[in-house]
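Protein chains in written order, with this note's numbering: chain C, 16 to 382; chain Z, 111 to 545; chain R, -10 to 270.
Since the hints were made in silico from the structure, they are not lab data. Keep in mind the model is a prediction, meaning the values are calculated, not measured. Quick reminder that beta carbons are idealized off the backbone N, C-alpha and C, glycines included. Hints may be right or wrong, so weigh each one.
[As the list claims (entries may be wrong)] 35 Å max Cα-Cα, derived DSBU-like pairs, lysine-lysine:
{"hint": "1", "chain 1": "R", "residue 1": "K139", "chain 2": "C", "residue 2": "K43"}
{"hint": "2", "chain 1": "R", "residue 1": "K233", "chain 2": "C", "residue 2": "K292"}
{"hint": "3", "chain 1": "Z", "residue 1": "K222", "chain 2": "R", "residue 2": "K198"}
{"hint": "4", "chain 1": "Z", "residue 1": "K500", "chain 2": "Z", "residue 2": "K477"}
{"hint": "5", "chain 1": "C", "residue 1": "K311", "chain 2": "R", "residue 2": "K40"}
{"hint": "6", "chain 1": "Z", "residue 1": "K290", "chain 2": "Z", "residue 2": "K471"}
{"hint": "7", "chain 1": "R", "residue 1": "K96", "chain 2": "C", "residue 2": "K292"}
{"hint": "8", "chain 1": "C", "residue 1": "K292", "chain 2": "R", "residue 2": "K40"}
{"hint": "9", "chain 1": "R", "residue 1": "K96", "chain 2": "C", "residue 2": "K311"}
{"hint": "10", "chain 1": "Z", "residue 1": "K474", "chain 2": "Z", "residue 2": "K290"}
{"hint": "11", "chain 1": "C", "residue 1": "K235", "chain 2": "R", "residue 2": "K40"}
{"hint": "12", "chain 1": "C", "residue 1": "K33", "chain 2": "R", "residue 2": "K211"}
{"hint": "13", "chain 1": "R", "residue 1": "K139", "chain 2": "C", "residue 2": "K235"}
{"hint": "14", "chain 1": "Z", "residue 1": "K222", "chain 2": "R", "residue 2": "K96"}
{"hint": "15", "chain 1": "R", "residue 1": "K211", "chain 2": "C", "residue 2": "K75"}
{"hint": "16", "chain 1": "C", "residue 1": "K73", "chain 2": "R", "residue 2": "K222"}
{"hint": "17", "chain 1": "Z", "residue 1": "K474", "chain 2": "Z", "residue 2": "K400"}
[Unchecked claim] Covered stretches of chain Z, going by a simulated chain R footprint (3 or more residues, C-beta under 8 Å):
{"hint": "18", "segment": "231 to 241"}
{"hint": "19", "segment": "255 to 262"}
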Amino acid sequence: MSEPTKAPAAAGRASTKKELPEHFKAYKHVWVFIEQERGQVHPVSWELMGAGRVLADKLKVDLAAVVIGPEGEATRHAAAEAFCYGADLTYVVADNLLADYRNESYTKALTDVVNTYQPEILLLGATTLGRDLAGSVATTLLTGLTADCTALDVDTDGSLAATRPTFGGSLMCTIYTLNYRPQMATVRPRVMVMPDRVERPIGRIVTHPLGLVEDDIVTKVLSFLPDRDSAKSNLAYADVVVAGGLGLGSPENFQLVRQLATVLGADYGCSRPLVQKGWVPSDRQIGQTGKTIRPKLYIAAGISGAIQHRVGVEGADLIVAINTDRNAPIFDFAHVGIVTDAIRLLPALTEAFRARLSPHSRDRIAS
Amino acid sequence: MIEERFDAIVVGAGMAGNAAALTLAQRGLKVLQLERGEYSGSKNVQGAILYADMLEKLIPDFREDAPLERHLVEQRFWMMDDRAHVGLHYRSDDFNEEKPNRYTIIRAQFDKWFSSKVREAGATVLCETTVTELARDAYGKVIGVRTDRHGGEVHADVVVLAEGVNGLLGTRAGLRDRPKPDNVALAVKEMHFLPRETIEARFNLKGDEGTVIEAAGTISRGMTGMGFIYANKECVSLGIGCLVADFEKTGETPYGLLERFKQHPSVAPLIEGSEVKEYSAHLIPEGGYKAIPQLYGEGWVVVGDAAQLNNAIHREGSNLAMTSGRLAAEAIFQVKSRRDPMTADNLSLYKKMLDDSFVIKDMKKYKDMPALMHIQSQNFFLTYPQLVSKAMQNFVRVDGTPKMDKEKSMLRSFVKARSWTGLFGDAFRLARAWR
Amino acid sequence: MHIVVCIKQVPDSAQIRVHPVTNTIMRQGVPTIINPYDLFALEAALALRDKHGGEVTVLTMGPPSAEDSLRKALTYGADRAVLLTDRFFAGADTLATTYALATALRKIGETYGPADIVFTGKQTIDGDTAQVGPGIAKRLGMLQLTYVAKIGALDLAAGTVEVERRSEGGVQMLRTKLPCLITMLEATNEIRRGAMVDALRAARAAIVKWSAQDAGVEDIAKCGLRGSPTIVKKVFAPPPRAEKAFMIEFGSEPPADALIAELFKRQPKLEADLVALARGF
Ligand SMILES: Cc1cc2nc3c(=O)[nH]c(=O)nc-3n(C[C@H](O)[C@H](O)[C@H](O)COP(=O)(O)OP(=O)(O)OC[C@H]3O[C@@H](n4cnc5c(N)ncnc54)[C@H](O)[C@@H]3O)c2cc1C
Ligand SMILES: Cc1cc2nc3c(=O)[nH]c(=O)nc-3n(C[C@H](O)[C@H](O)[C@H](O)COP(=O)(O)OP(=O)(O)OC[C@H]3O[C@@H](n4cnc5c(N)ncnc54)[C@H](O)[C@@H]3O)c2cc1C
Ligand SMILES: Nc1ncnc2c1ncn2[C@@H]1O[C@H](COP(=O)(O)O)[C@@H](O)[C@H]1O
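Okay, chain C solo, but in the shape it has when bound (with noise of 0.2 Å):
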């Protein structure tokens, strides 16, 4: 993406003006790109497959989704999900040298799918995955890249406008890829919301070759080790998620926010500087350049808010702020506000729920 400092000069010059080239006119349709690994689809693909529909609809072109990876039933499955989350049709590349994720296999196999069937914009999960064949495959392909978005719409000209932080979500800028072909994207899991499942005949698959042996491939999977379930946190997609920040001011405090997300059978997470102070493990950090979550309850204590925080739990239904200072910025967007020492209302809170839930909870029905 463009370095920001430099859209006011890039805005008015001749290369903002759209003079599409004639072998770019034949690419149409939006393409989702299905990112499955180990056999699990990505939740950020059905997201993204709610937000191509909404770009082909107004567009008025087909949306498609790309399934790639190893023959057999997952893959299957994956292409059969698709049609319920609104493909009009699904790409296949199935083939067994695909079961692992690689640079190389998955770009070649993407590439050559755009390259046959050129679709105009092409949509891509930012995850570990997403990012690496993105960059790859926009690369190849000589095309432009938007990264991160966090909200894609069409201009009256029907070019992607794409909108992402930037400057570490100090600023947002609007981007475009006017003229080359397919306009890339990737956005983040739950920036974009889970469409309806709805249950769906299959449609139109058109599979596609791979057109590798073993051998064209140098990089080996020598072994995959899974996160332990215990120790992997869920928090993107968590349905409450309780917080604490540097207001905690330990880490022994930083237990409170855990004994309430247990109560509250939550999960946990913190704001960056936790992270950096080694207090708590770099996945349980939210915002831009952590966790993007969209819980129903969101509690934040000893949280600030800043700008960097908010872009990661402005999709929450309902955003709960404790902080001791009344003027913190984290109160411009949460809908509950109390200002008072989280040390102290944390345990009470904790008390407060487990005294209204306890009746439900699990080791009571043990019991």
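The hints should help you fit chains Z and R with the ligands onto chain C, whose structure is shown.
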């Protein structure tokens, strides 16, 4: 330990250190400058006003590329009580001269530029390197420094201590005492960012014109202290400083003072709607002439704030720092070119040069000022401002009281508060100290 | 062994101010730093050099002032620094950036010996795209290993390297051939403090400065703004939320129950949801 030897090591890259390192390098000496901050200026807090004259002596054409904010066309003195200020403004278009005499600067940027000149002159400048102690030989002569970097001992003929007001290095090495609480002021400062146009409108400036407000009175809660407001291009530096001893006595907090200063009806409108960046606190030496420590010794000299060279009355420090740094360098150069060793005797030349300069002359002039201000602080910073303010109000208010009576009552209020003798005494002492 | 580390000098975003009126960035007094993520790459490179011998070259494309960051990299212990600076590079997006950097990397190869490994950070804090690494790799036909958490066996004779790569669901153990490009994951190491000798060397080192021409750029049209397929049409500050937070006031006691009541009032479904969660569904 580094094999390579240097002619001189300069500790600190503030105004004094940069002036010294630059001059030494310009004279062709092999100089190593060590700065603990991330870059020169990163740790430096200053109002800040730059006095062109002293810099011209070092870098004649500095105006060409130095990061200057605004040149001053106006100086305001405010005597404040809690709700009002009595002001003396001096503004003159003469200050819109081709080579202005005073500028506001932002130290972080200015020092960076200054440091680049030091590099260009050929000095070796190392940042993020803290000098932990002085290296001495068997006879106690300073032969170099030890730093916090691995293998970080370096030797040189002479060490120039330009470490600023705290001067931990020198005090730890027993070259001088720690500055006493009634010899240093603690100043807190904030940068308030505003759109350029807003600043120019509020301070009645155009182009690169700048203004300075210096304020004394009840804002310092009867302590010896002063507030200041400097207009930069896109931000206003605002701060207040008082003697550390007074803070200790009164239990006032610097931040508390600053908050009240900012809320003062005369100040608040100037910074309204601004975005605050950088809250910083820093000491200012205010002991004056009497607090100046030993300035040289076997293999070392001390310059700038570290040597307590600061003119509290005129809020001048950086120019004394620059000048002392330059003179120390000149002296070292002369000793060096005579092929003499850097002994205390030979380095005493620096002291002589300093004595003949405006630096010591000015500091002698006001030698009694700090003490006086301190002893009389209640009157100078609390009683008088309130009286003057009352008097002014009384004077301008039109309420049918005969002018004659007004004057009488004014006078009475002064006398009541401070008795004839007291008033005369203060006036007399003030005059003496100023003379 | 020759390792090249791509670093970028970025404004310290935490301190960036947006002009309240014009919405442009107020650069005054905004300090610049080495992109924090790049320091993990640099340390990884230095560690490899210390273990296997060879040289580390740092490369950056940026304004002349980016020299500060390069000098800093030298202070940490890098052996050589190359600054790619030219007005033609201004306004580059990732595609144009990778073109310029890839060209410079070829030139570095010719001049100082081909790179066995090119390192980049995971992402920058201003561009924040994580694309430049993969882009460079593609342009140079290098194998790419992104989000690397640990560098394992490096066999120079066989020309292979093994790494642990973070992926969504776990950690991939990969083996690939040199030369390759590695983008280092954050918090995987801590940048060292350069010794006095390194610091001294860095303070005096001459930084290699290349213009587009020096670097061997054939097609200026592929550089900077002109070479950028993406165009920033609009820059704006995030809109503030309309209504402020509803503030719960209270006496001496922490208002736990008041809060809970308020929450359930606002989100009637919430209680049921929480119960479900408590049940562990
Ligand atoms: C490029 C970049 C990316 C970034 N990405 C992220 C990111 O992804 N996520 C993120 O979180 N940050 C991120 N940051 C950092 C962000 O700018 C802020 O520095 C950070 O969010 C501040 O964390 P904090 O609110 O915990 O700490 P602070 O800003 O220090 O806030 C502490 C708050 O606690 C309050 N408090 C103090 N004591 C108490 C008490 N007893 N009870 C209740 N409240 C109390 C204080 O009033 C204050 O509001 C990023 C920064 C940059 C430059
Ligand atoms: C709020 C405020 C406002 C002021 N306003 C003005 C004004 O308007 N006009 C004016 O002329 N003066 C003003 N002054 C005074 C002026 O700032 C100082 O007199 C001047 O900066 C002194 O320069 P210096 O080089 O002696 O010390 P400094 O500028 O403090 O430099 C000392 C340097 O040494 C470094 N250092 C310290 N110890 C070590 C070590 N052990 N190893 C390595 N490096 C070290 C420090 O990091 C620092 O960079 C003001 C001061 C303050 C605090
Ligand atoms: N101008 C540049 N010069 C050198 N390296 C860069 C530059 N821009 C990006 N990089 C490298 O590419 C990585 C990813 O950057 P980005 O794609 O902007 O997130 C950074 O961590 C740097 O290592």
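Evaluated hints:
| no. | hint | in the structure |
| --- | --- | --- |
| 1 | K139(R) - K43(C) | 42 Å, violated |
| 2 | K233(R) - K292(C) | 31 Å, holds |
| 3 | K222(Z) - K198(R) | 21 Å, holds |
| 4 | K500(Z) - K477(Z) | 32 Å, holds |
| 5 | K311(C) - K40(R) | 50 Å, violated |
| 6 | K290(Z) - K471(Z) | 23 Å, holds |
| 7 | K96(R) - K292(C) | 40 Å, violated |
| 8 | K292(C) - K40(R) | 29 Å, holds |
| 9 | K96(R) - K311(C) | 54 Å, violated |
| 10 | K474(Z) - K290(Z) | 19 Å, holds |
| 11 | K235(C) - K40(R) | 24 Å, holds |
| 12 | K33(C) - K211(R) | 18 Å, holds |
| 13 | K139(R) - K235(C) | 16 Å, holds |
| 14 | K222(Z) - K96(R) | 32 Å, holds |
| 15 | K211(R) - K75(C) | 33 Å, holds |
| 16 | K73(C) - K222(R) | 21 Å, holds |
| 17 | K474(Z) - K400(Z) | 8 Å, holds |
| 18 | 231 to 241 | holds (count 5) |
| 19 | 255 to 262 | holds (count 5) |
Figure legend: structure checked against the earlier numbered hints; hints not met, in rising order: 1, 5, 7, 9.
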